[in-house]
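Peer 1: Put chain B on the given structure of chain A with help from the hints.
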Amino acid sequence: MFGWEFPPHILGGLGTASYGLTKGMHANGDMEISFVIPKPWGDEEKGFANIIGACNTPVAWRDVNWDYVQGRIGNVMYPQMYFDLRDHIYADFNYMRLNDLGCIEFSGRYPDNILEEINNYSIVAGVIARTVPCDVIHSHDWLTYPAGIHAKNVTGKPLVIHVHASEFDRSRGKPNPTVFGIEKDGMNNADHIITVSDLTRRTVIDKYGIDPAKVTTVHNAVIPLSDELLNLKRREGKDKVITFLGRITMQKGPEYFVEAAAKVLQKNKKVRFVMAGGGDMEAAMIRLAAKRNIADRFHFTGFLRGKDVYQMFRDSDVYVMPSVSEPFGISPLEAMEMGVPSIISKQSGCAEILDNVIKMDYWDIDAMADAMHALVSYPALHSELRDKGIEEIHQITWEKAGKKVIDIYNQVIASRR
Amino acid sequence: MKSVCFYFKIHQPYRLKRYRFFDIGNDHYYYDDFADDEIITRVAQNSYIPMADTLLDMIQQSNREFKFAISISGTAIEQLQMYVPEYIDKLRQLSETGCVEFLSGTYSHSLASLEDPEEFMREVKAHDDLIYRLFGQKPKVFANTELIYDDEIAMMVASMGFKTTLTDGAKHILGWKSPNYVYRACTAPDLKLLLTNDKLADDISMNFNNPEWDEYPLTADKYVNWIASLPEEEQVVNLLMSMDTFGSFLPAGTGIFEFMKALPMFGKEKGIQFTTPSEAVAKLKPVDELSIPYPISGIDEARDVSAWKGNELQREALRKLYAVAERVSLCQDRRLKQDWEYLQSSDHFYYMSTKNMADGASHAAFSPYDSPFAAFTNYMNVLADFLVRVEEQYPESIDNEELNSLLLTIRNQADEITSLKKEVTSLRTDMENREENLIEVEEKPAKKAPAKKTAANKAAVKKAAAGKSAVAKEKK
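Chains A and B, in that order, are what the protein sequence lines are. In the working numbering, each number is its position in the first sequence, counted from 1, plus 19. In the working numbering, each number is its position in the second sequence, counted from 1, plus 1111.
Worth flagging that the hints you see were computed from the coordinates, not collected in a lab. Check before you lean on any hint, since a few could be wrong.
Claimed, not checked - Stretch-level coverage of chain B by chain A, calculated; a stretch enters the list once three of its residues show a Cβ under 8 Å from a Cβ in chain A:
hint, segment
1, 1128-1142
2, 1414-1424
3, 1479-1493
Cβ atoms here follow ideal geometry from the backbone N, Cα and C, with glycine treated the same way.
Next up, chain A with everything else stripped away, as it sits in the complex (with noise of 0.2 Å):
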C-alpha cells in the first residue's frame, strides 16, 4: 500500500482512513500489508502492517555497514530491510540531493514544492516494488498514484486505486491542472477504483470519464474508541454547548454554521458556540461573528490534537458539520461515539449510510438552526439520537470495509488471470 499520512502524524481525514482500513483488512486474516509513507515517525502501531517509509529507501548506492544503518534508523526500519531495498536499486539516482544513506528527504506534510515529492516518492516505489513481493498494489489518494503506476509497470500486478477526495471537489469545480491530471492519469491506469462514497463515485464516473463498472464504493468506517477516551469527563457548565470541528475552510462550510448559530441565539441564550480548527477562513469567521453581535457566546479554539479532540467532543451536547462538499467525514461518527448527536449536511458521504442523525442541506440556515435548538430544547429527542447513534456507530466497523476492499482484491487478480 502507498499512502501519505499515517497516525499519530496526521494532518486530516487520510491518514486516520488509511489507518482504520488497513487494521480492518488485516483482522480479516490472510493478509500480509506493507505499508509506504514519506516519512515515519517511528511512533506508528506496527502490529498489523509493515511500515516502510520512503525517506529510509535508498536510490543509490552507499557503502554502510548494519550497525551505521541500525544507529540512524533502526526505530523506523529494520536494517535488513534497509539492505534489501538496497540490492534493488534500478537506476542511479545520484544526480539527486540525497542523504547519507541515499535516501531522498521527504517532510511527510503538503509543502508547497508536494508535487517534486510526489516525483521522488514514484522513483523510491520503483525500489520498493522491486524488492517487496506482493499481490495487488493499492494508492491512497492521488499523492501516490505515480508510486502506483510505478509499482504497477515494475511488478505486472493489479493496481487499485483509493480515491479519498477528489480535485474536483476540494476546488469546488476548478481544478488544478496538473493535479486533475495525475488522478486521472491514476484512475486509467488502475485495474480498480475505490471511492469512500457514492458522491465520490459519481463524481469520478461523471467528472473524470471513467467506467461505471470500474469505480466501487467502499464506505469509511471508525476506530472504536479507547476506554481513556470514552471516559474522559464533561467539564462543568450550565449552558448547552453547540461545536463545529475541523478545517476552517469554505469546503466545509463554517460560515452557514456561523448565520445558524446567529439565529438561535436570537431565541435562546443560554447556548454557546464553538468553532474548533484552524485553517484560511479562521480570521474571517471572527469578523462575521462579531459582525451578527454573538462574539460573546461564539468561542474559537484553534486547531485541537489528539485527546483534546475527544475532549471537546466530550464538552459538546451537538456537534455540526455543515460540509460543503465532504467525500466522506468521519468526525460525526467519532462525536457521535462519544455520544454526541450529529447534524450534518446531505452533500456528506457519510450521510449516505448514516441514520440516527439530523440531516439537511448546506446552505439551509433555518432547518440547521431549527435542528440545533430542537437537540437542545427537546431532551427526548437529544438522548433518542445519542443511544441510537452509539448502536449505529458499532456497526460499521472497518473490519466490514476491509472484506469489502479484499473482496475487490480477489475479484481484481482473478480477473488479470
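Peer 2: Only chain B this time, still in chain A's reference frame:
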C-alpha cells in the same frame, strides 16, 4: 346465510406546515392548507367520488340488498366540506338509501383512547354529533383509530353505550381462532366484538394489482367462492379497507370498480349477503370471550401500537400533548380548541416512527417529512407555540386541582346569586300583592261608615297611596 360486511375508512389529518423554532410565539397558524387541499382534491377525484358512484350503482342494481359501513373521521369531513363539498352530498345520498351505516370513532383519528379517557369520550361524542348533524344517523357500532383495542378500551367503549365494536383479527391474539365469528369482550360482557378478516381484505387491497401473486388475477366469482367455501359455522366476514384503496392505491385501470360491481350478483348466487355490521350482529351470538390485555391495532406486521408509541420521541410528544388536556377543556377559546383537536391526529406520531425495516417502509412512504427526527422537531415546535397559548389562558402555576376547586366555587356562587335574585323578585311581587289586598280591604269598611271614617279613610287611602308610591319607588 353468511354476512359480509364491507367497512370503508376515510381519514385525512390537518397536516402541519414547516414550522421553525423562531415561529414559536409569533405564528399561531400551523397548517399546510395547500398540501391538505391538493391531497384531498386529488384523492376525491381519483377515488372517493368514483367509488361513491360505484357504490350507489351497486345499491340500485341489487335493489337495495347491497349494504355496507363507512367510518369517516371528523377532520376528513371538515376538509371535504371545505375543498370537496360535492362528496358530502354523495355521502348524504348514500345515507338516504338506507343501505349505509356510519360507524362511530374519534373525531381527529386520535390516540386519546390510550392517553386520556375523558378526552377520548369527548372526541367520540363530538364525532357522533357531527355524523348525526350531517347524515341523521346515530352511530351504533364503534371503530377506534386504526382499530386500537384492549380490555380497558373495551370498558370505556361499553360505558359510552355502544353494544358492538370493530377491531383487528390479529393473529397473535386469535391464535387458532377464526375472525369470522362474533366475540365478546371479557371486561365488558355486553360488548360484542367484530374482527376484521385481514387475509381477505389484503387480497383486494394488496394483491389485486400484484401480478406475482399466485391467485392473480382476482375475479369477483373467485373471491365470492372463497367466502362461500368458508366453514358453515363462520357466519360473518368483516372486510375493512381504506376508501382510497379504490381508485387511488388501485387505479381505475386495474378494473377494481368492475370487480366491486360484480360482487353482489355472485354473492346472491352463493347465498352471501352484504350487510351492515348492525344487521350482522343482530342475527349472531358471541361464541367466545376475548381477553386482550395489551393494545392491538390494524397497523404493521406487529399489529400493535408500536407504530405510534414505539420510540421515546413519540412517547415524549404524546406526554407533552396530553398533559394540558384538562386545561384545554376549561378554555373557551375556539381557535385553541380547534388546534387541540387537530394536533391529536395519530398521523403526526406515525411520522415520528423510526422503524427502518420492511415493516417501517410504509411509514416513510406516507410521511411528508425527510426523517422521523424532522417530524418530531416540527411537531414539537408547533406544540411549543400551542402550549404558550394555553399558558396564557391558564398559567401552569395554578395546579389543576386547585383550579378546579376555584372554578367550582365560582360556579356555586353564580348559582347562589341566581337563586337569591329569584327570591328577591318573588318577595317584591309578594309585597305588591299584599299592598293591593290592603287597599281593597280598607275600601269596603269605608262604605259602611263614610262620614266618620272619611278622615280615617282618607288617611288610609293616603297610606295606601303612600305605600303604593313607596312600592313604586322601590320597584324603580
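Peer 1: Does each hint fit the structure? Answer for all of them.
Peer 2: Here's how the hints hold up against the structure:
no. : hint      : result
1   : 1128-1142 : holds (count 4)
2   : 1414-1424 : holds (count 3)
3   : 1479-1493 : holds (count 8)
Checked against the numbered hints listed earlier, the structure breaks none of them; every hint is satisfied.
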